[in-house]
Structures are given as structure tokens and as C-alpha cells.
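Engineer: Chains as they are written, first to last, in this note's numbering: chain C, 1 to 341; chain E, 342 to 682; chain V, 683 to 1023.
What the hints contain is simulated information worked out from the structure, not anything from laboratory work. Fair warning: this is a prediction, and the values are worked out from it, not measured in the lab. Treat each hint with caution, since some may be false.
To be verified - Some, not all, of what chain C presents toward chain V, calculated at C-beta under 10 angstroms:
#1 A52
#2 K53
#3 T89
#4 R94
#5 H96
#6 A139
#7 A142
#8 N155
#9 S160
#10 A252
#11 A254
#12 Q326
#13 L337
Each residue gets a CB set at the ideal place from its N, CA and C atoms; glycine is no exception.
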Amino acid sequence: MSGVRLAEIVAALGGELLGEPGLVIRRLAPLDTAADDALAFLAHPRYLQQLAKTAAACVIVGPAQREAAALRGATIVADDPYLYFARLTQWWARMHGRTTVAGVHPSAVIEPGAVIHPAAWIGPLAVIGARAHVAAGAAIGAHCTVQADARIGENTRLHSRVHIGEGCLIGARGIVHPGVVIGADGFGFAAHEGEWIKIEQLGAVRIGDDVEIGANTCIDRGALEDTVIEDGVKLDNLIQVGHNVRIGAHSAMAGCVGIAGSARIGRHCTAGGGAIILGHLELVDHVHITAATVVTRSILKPGQYSGLFPFDDNASWEKNAATLRQLHSLRERLRALEKKS
Amino acid sequence: MSGVRLAEIVAALGGELLGEPGLVIRRLAPLDTAADDALAFLAHPRYLQQLAKTAAACVIVGPAQREAAALRGATIVADDPYLYFARLTQWWARMHGRTTVAGVHPSAVIEPGAVIHPAAWIGPLAVIGARAHVAAGAAIGAHCTVQADARIGENTRLHSRVHIGEGCLIGARGIVHPGVVIGADGFGFAAHEGEWIKIEQLGAVRIGDDVEIGANTCIDRGALEDTVIEDGVKLDNLIQVGHNVRIGAHSAMAGCVGIAGSARIGRHCTAGGGAIILGHLELVDHVHITAATVVTRSILKPGQYSGLFPFDDNASWEKNAATLRQLHSLRERLRALEKKS
Amino acid sequence: MSGVRLAEIVAALGGELLGEPGLVIRRLAPLDTAADDALAFLAHPRYLQQLAKTAAACVIVGPAQREAAALRGATIVADDPYLYFARLTQWWARMHGRTTVAGVHPSAVIEPGAVIHPAAWIGPLAVIGARAHVAAGAAIGAHCTVQADARIGENTRLHSRVHIGEGCLIGARGIVHPGVVIGADGFGFAAHEGEWIKIEQLGAVRIGDDVEIGANTCIDRGALEDTVIEDGVKLDNLIQVGHNVRIGAHSAMAGCVGIAGSARIGRHCTAGGGAIILGHLELVDHVHITAATVVTRSILKPGQYSGLFPFDDNASWEKNAATLRQLHSLRERLRALEKKS
């Protein structure tokens, strides 16, 4: 990668530079493995001992580490070093990324009535359905399908092989990773004489602005009304979002989370990897679910909630798990003893 | 959406109409949010208080709610309102859907020897392999791959980007959602000197009639014999079905379920979201597995089975989880006390 | 399928043949369902009673079953019958598979600067990005995207619809199943005033030789450094591998496993289906995680580790689960009793 001078970085992103403005940075790197052409950051005092040892050309630190860092060499002091680093990665990606092109690749299939802004990009072998809208600055990657009447907002990027179903919409500045399926049918059936009668899913999916959706994640369309993902939501890979779910603004879910139909998740919530939220529940704002926890009833009070079996060496687990199956009777025996004593 | 008159609905689907046959319905909606041009349904007495308040033009109810509903306004009385509603959604989708076309999109790649019925539809950029069969009324969406010797039954619809592997087959009236992978290799290896020697997967996948498969779900091909999904099975999104599994007719699995190799699931079984069924097990007919439960041994008696850690606020969970790791010794201590007392 | 004579099999794979070398085998089959034109194997004494009953034309057995098997009919004696069977399936697949072709399908999109070996195959509607390398003998299936600067090693096969992101690489003899996403962005954000600020993911994914990756599995690119999958690793379907994870050589993970960011897994480790390994942990070599277990801290000692709630009939589970939420207080009550007694 071509280098940038520290002066360019602080000109673009702010922060106080201690050291040589002309120093050339060729990569961003973690503190512990940074080479002498790298810019690293110290976001947590826990890593303070790495600061003295790092070979990094320059380190981004908070005000409290100002002196320690300056003794070592070039330093950028920022109020929130992790936030500074996040913005630096964005700036770095823009500096080193290719310029986005506009236009329609000749191999794409554009159905009659699709409306594609001249400043949008449609990649190779993409399919854009009738009456679909693709706004200015949007980029539709290779092998994407944007079905009839769907709408893609300004500067939203669908990476390769994203499916946006009929009538679904996503707002501005979204990032959708490969394999995502928006708007498949929700899982709805009426039981009748031992068989399942399909309930056609007549709603759609509405996604707000600044939403990022990870690879192979699925968001089903609503049965009658829409499934809704509000602004600023971040979903990791391989997440399942059932029909008629609503996820409030700025909530974030880690990989492999499952959210069953009609669950209503508040704003600023988080769920760790593999958590499951059952259907028709409500989680208020600022609820945080620990990884692999199964939420089986509504949560009406903000806070952290957990429920996972603590792992152990297999022999210990076996003994405890076997006992667990008698736990209720153990309690009865304890009660009996208490009465006696 | 263009409207339909209540008379048309009862003419098509039956039920007793109380009220004005000429009333025009423009949408289907939930009872609580229905506008005055909507048809809603009351499937469970739990929602009875919504009946009086709803603005819906007409409500579908069971015989027990006949009087209460009629007082309110236009009503359709049906023996099973939820089933009536399911059929109504199907009828509605047919009325408002586009007419299915037949033919082969010019951008599709059809390999020599593929047999495509003239009344089937092959969408843009689909690939149909040698000697594959696509039956009358089948629809193969954009970016699907139907590999050599695979067979797609009558009126089965593969939504966009479905993969049907070599020699795999699906029966009639199936619905397969985007991203589904049928017939990838099962996970089979022989351990040898610390390495894994691949066992080629020589079986296929056979899927019956009236099966629906959710987005990004995977069904692996068998090692020697076939993986089998019987008639009427419904699988939600992001489900993993290992090699040589058999799922009995009319069973249904919610999102994120995992079924390991050679498990045999009976007929009319269900599994909640995130449940895991280990390999080489048998579940008899009418077994119901609660969400997130891990089935570690065969179940030979119909019924509901569960095994998930109850969630709690994080502090309570931490205390209980820590104690759980000493549960076996607590039992020993209880026994000691019991002997003494 | 056309048949092969037993003599051909032992000529290719070794083993001692007892019986008629000219006997024709038309299929490989499990011991219990084998027809009289099939070759079966007995890998475990547990299945010994099936040996007498099988209709198989010939059975592969270990030295200990030599006599019993020979009494029954044609037999191949091998030191490790399961390993012999694995190699037989490979030989069988080669014998019966179509010959791999080389070349570029006319419907593929090859961007300028891509380097494709003349002995590689690029399937229909694949997209190969600028400066990507595809080595000799590699096969890129229908609808794959190999993005700019990615590298595909010799004889590696991407089945249909695989995504290899910009700058990612996979070594030789890999097998990647449909729907796999290599090199989507890792899930990294800095929290700022209630919103999530994206950390651009500037690393890539590096995959070694002889790696197999199951359908719809995702491996994210690193934030600053690369996510690394070492030689001989086997990943099943629908697995999530977060950014900066390292999986050591010859480790194997079953379906639906989730590995959070920056976890470091040793060599020769295994994880059962649905296991979750949290981020920033270390697992040393030869650690084995039971299905559905959640690993919440580093494991520095080889062995088997477990942590899952034992399932039960629903009524029993409910009683035990309810009691579990009072477990800590039960311990306190037990302590109180112990003091008294």
C-alpha cells in the first residue's frame, strides 16, 4: 500500500499530533504486531504494557496515556482512541479503495420499468425487476436480484449475491453482505387434519438508513404487515429474523442469532452470538442478551440477561447434568430436612 | 390493490356471510390495526376484546363469536377461522399475483440434454444441467442452478438462487426459498494419522410433494443412500439437515434448527427454533421439541420435550450457574445430611 | 452404474481379497441394506450381527473379523476398514465421475487482468475479478464470484455460487460448497453517542491446503490482520467464523457452529453441531467441544468439554428449570442446615 503522512491523517481526522508530521504510515496494525511503518491504537489501559514494546511508527492514545506514549515516539492523542481508529479505517479505506463507477454492466438483466439512477452501479449478472428503484450512488453487486417493486436507497451497497424480494425496501447508506435474503416468505401455516396449510405472506420488509446486514442473514417478509428494521441496526452473519419482527434503531445482533416471528425488539438493544428470542415477545430499549441465551418471555426492564449452561470438563458436566434432572426432587428433600431440623 | 367484494370471497371459499355482499375489501389486516377497507380474522378468544374495537370492514370468526361479531358489522362465520384465513391468503395472492409465464429466459444457460417442459419457466441467468428434468408448471428463479440429472416436479417453484445438486429430486408443488442448497456433500471423513480422509458422498437428496424450504437452509446428500424429506414437510430458514437424515411426512422445523447425520425424525413432529437433534437418533411420530433444546438420545414416546437454561437477569444467572457447577457435590452433601438426620 | 470387479478394487487400494476376483460390484452400500451387487464395510464390532445377515456381494472387514466374514462370502481384509472405505469412495467417485474439463464458459464474466490457468475451468455465469488468480486444475462453479486479487489454489473446487472476497486466498485441493461466503466484512463497530461507527475491515482471509468448507458457511475477513484457516481444516454447513479467528490445522467443526472474533483454536480440535466459541479465547490443540456447548473462557488443557442442558419430557424440565432459578438460594439453605446439624 502506498503511504500517507501523519500530517494528512490529523488534518483529516483531528487529534493532537506529537512527533514528526512527515512520518509515513503504510498500514494500520494491532499494537502487538505492528511493524515500524504502521499506525496502531491503544483503546484500553489493559493493553498498556504493549505500548512500551510496540514497534509501531505511531500510536493513537487517549489523554491519560499522553505522556507514556510520547516517551515512546510519535503519538496521536484523541479523546476516544477507538472511535478515532474506527474513523481512521473509514478514511483509509476511502484513500485506498478504487473509485466507485456508475453504470450498468452489459451482462446484467434489467426488466422493463426498472428505474436506475444514472449515478448507480449495477454489477455483472445482476437482475433488476420491473418497477424496482435503485437510487443515486447505490451499488448492486454481481449476481444480486432486486425483485419487482423493491427500492434501494442512496449510496446503499449490496455486495454480490444479495436477494431483495418483491416490494421490499432498504434506505440510504446500507451495507448488505453476500448471500443475504431479504423478503423470503415468513413461516406461517394453519394446521388442518395433520397437514400444514400455507398462509401466503402478503407483507414486505422495510429497512431504514445506515443498516448493515451480514453474510447469509435472512429477514422474512411479514404475513400481513411489514417486518421492520429501523435506522442504524447492525446484524452480523447467519441471523434469522422472522416475519413481522421489529428491531428498534441502533440495536446490534451478533452472528447466528435467531429472532422468531412478531418479536418486538427495542432501540439500543444487543444480542450475543447464538442468542434466540422467541416470538410475540417484547424487549424494551437497552436490553442486552448474553450469547446463546434463549429469551422465552418479554423483558420490560433494561439490563443484561443471561441463561446458558456453564461448560466444564466432560466428566464434571455429566455428573452435574445428571443431577440437574433430579433438581426439583432435591429441593423437596431439602425442604423435608428443613422441616425436621 | 384493487378491491374484491365479500360476495366473491364467500363464493370462492365458503363460510356464512352476515352483512352486505357488495362491500369492497382492499386488503387483509390484523384485527388490531385493520383499516375500514380491510378484512380481518379472530382465531382465538384471547383477542375477543379487539373485536369490538376493530375498524375492519369485515371480520372472520368462528361459530361461537357469531353474535358478538354480527353486532359489530359485516362478518364471515367459518368453522375454523384461522384455516379460512390461510385459504383466503392463498386466494388473495392468486387474485393479485401476476400470471405465471412459461418459457426460458434468453440469459439462462441450458446444458445439452436438459428436458424442460414447455409449460415450465426458467428465469434469467439460471443454469440447468445435462439431463435435468423440469416438469410442467415448475418455475426456476433467477440465478438458480439445477445440476445434471436433477428433477424438479410439477408446479414446484424455486425462488431465486436455489442450488439443486446433481441427481437430487423434489416432487410437486414445492416452494424453495432463495439461497437454499440441496445436495451439497454430507460431512463425512475417516480419521487417519491426525488428518481427515474424505468419504465421497455418493447418495442424493429425495424430497417429496408439497414441501416448503426456507431461505439459506441446507440439506446434504447421503453418503451411500439418500437423504429423504417426505411429503408435506415444512422447513424454515437457516436449517441444517445432515446426510442420510429422514424427516417424516408433515413434520415442521423452525429457523436455525440443526439435524445431524442419520437422524430419523417421524411424521407430524415439530422442532422449535434453534433446536439441535444429534445424529443416529430416532424420533417417533408426534414428537415435539421445544426451541433451543438439544436432543441427545432417541425419543420413542410422543410428546413435548424440552431442555433449555431458563434465562434471568445476569447477576442471578451468574450465581445460579456457578452453583450449578457444584450441583453433584450439593447432592452428596444433601445425602450426608439426610443420613445424619 | 456400471460395475467394477473386486480384482480392480484391490489392485487400486490394496487389502487382502478372499473370494472370487471377478465378482462384479455395482454399488457401495451400508451393511444392513446392501443388495447382492453391493460392496459394504464393517467398521465397528458393534455391527457384527449385521455381518451374518447382509446380502452384500462382498464386505470390507478388519483382521479380527477375517474368519467370520470369509465364512459368509467374498471379503476384503484391511487394517482399517473405515479408512479403506473412505479411499474406496474416492476411487469410486473418480471412476464414475465425469472427466473434468478445462476452459472458460462463454457466459462467464472475466474482468481485465484476471489470470486463469489454461488447465482451470470457469463455469457458466461465474465472475472473476481483476488480478484474481485461478491455478491449474481449479474448477470455479456456476454463479461463483472470485473478487479482485483473490487467489484459488491448484485443484481447488468451488461448487456453484461461492463468494471469494477481494484479496482472499485458498490453497490447493480445497472443496468449497455452494453458498459459502469467504471474506465478508467482520462485525466491528465503535460505539459513539448511541450509534455504531463502522470499523472498516482491512484484513483478508487466508485458507490453507486441503480445506473443505460446507454449504452457506461464512468466514469473515480480518479487521487489520487476516482470518486464518490452516491446512486440512474441515468445516460443515452454516458455520460462522468471525474476523481474526485462527483455526489450527486438521481441526473439524460440525454444522451451525459459531466462532466469535479473534478466537484462536488449536490443531486437531473438534466442535459438535451448534457449539459456540466466544471471542478472544484460546483453545489449545486437541480440545473437543461437545455439541451445543458454549465456550466462555479459554481452554488450556486438551480434552472433552461440555455444557448443555439435558433435555427431558416437558413437565419434568419445567420443574427442574424453575428450581434452577433458585439454585443459589438452595445452596445457602443447605449450608444453613449443615451448620445446624
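Engineer: Please go over all the hints and tell whether each is borne out by the structure.
Structural biologist: These are the hints, each one checked on the structure:
The beta carbon of A52(C) comes no nearer than 20 angstroms to any beta carbon in chain V, farther than 10 angstroms, and the hint placing it at the interface is violated. For the restraint placing K53(C) at the interface with chain V, the shortest Cβ-Cβ distance is roughly 17 angstroms, beyond the 10 angstroms limit, so the hint is violated. Using the Cβ-Cβ criterion of 10 angstroms, the hint placing T89(C) at the interface with chain V is satisfied: the shortest such distance is roughly 4 angstroms. A least Cβ separation of about 9 angstroms between R94(C) and chain V falls short of the 10 angstroms threshold, and the interface hint therefore holds.
The beta carbon of H96(C) is positioned within 10 angstroms of a beta carbon in chain V (closest approach about 8 angstroms), and the interface hint is therefore held. A cut of 10 angstroms between beta carbons decides the hint on A139(C): the least distance to chain V is about 13 angstroms, and the hint is violated. Contact between A142(C) and chain V, as hinted, is supported at the beta carbon level, the nearest pair being about 5 angstroms apart and thus within 10 angstroms. A distance limit of 10 angstroms between C-beta atoms decides the matter here; for N155(C) the minimum to chain V is near 13 angstroms, and the interface restraint is violated.
Using the Cβ-Cβ criterion of 10 angstroms, the hint placing S160(C) at the interface with chain V is satisfied: the shortest such distance is roughly 4 angstroms. Checking A252(C) against chain V by beta carbon gives a least distance of about 6 angstroms; that is within 10 angstroms, so the hint holds. Contact between A254(C) and chain V, as hinted, is supported at the beta carbon level, the nearest pair being about 7 angstroms apart and thus within 10 angstroms. At its closest, the beta carbon of Q326(C) sits 8 angstroms from a beta carbon of chain V; the interface hint therefore holds under the 10 angstroms criterion.
Given the 10 angstroms rule on beta carbons, the hint for L337(C) holds: about 6 angstroms separates it from the nearest Cβ of chain V.
Violated hints for the displayed structure, listed by number in ascending order: 1, 2, 6 and 8.
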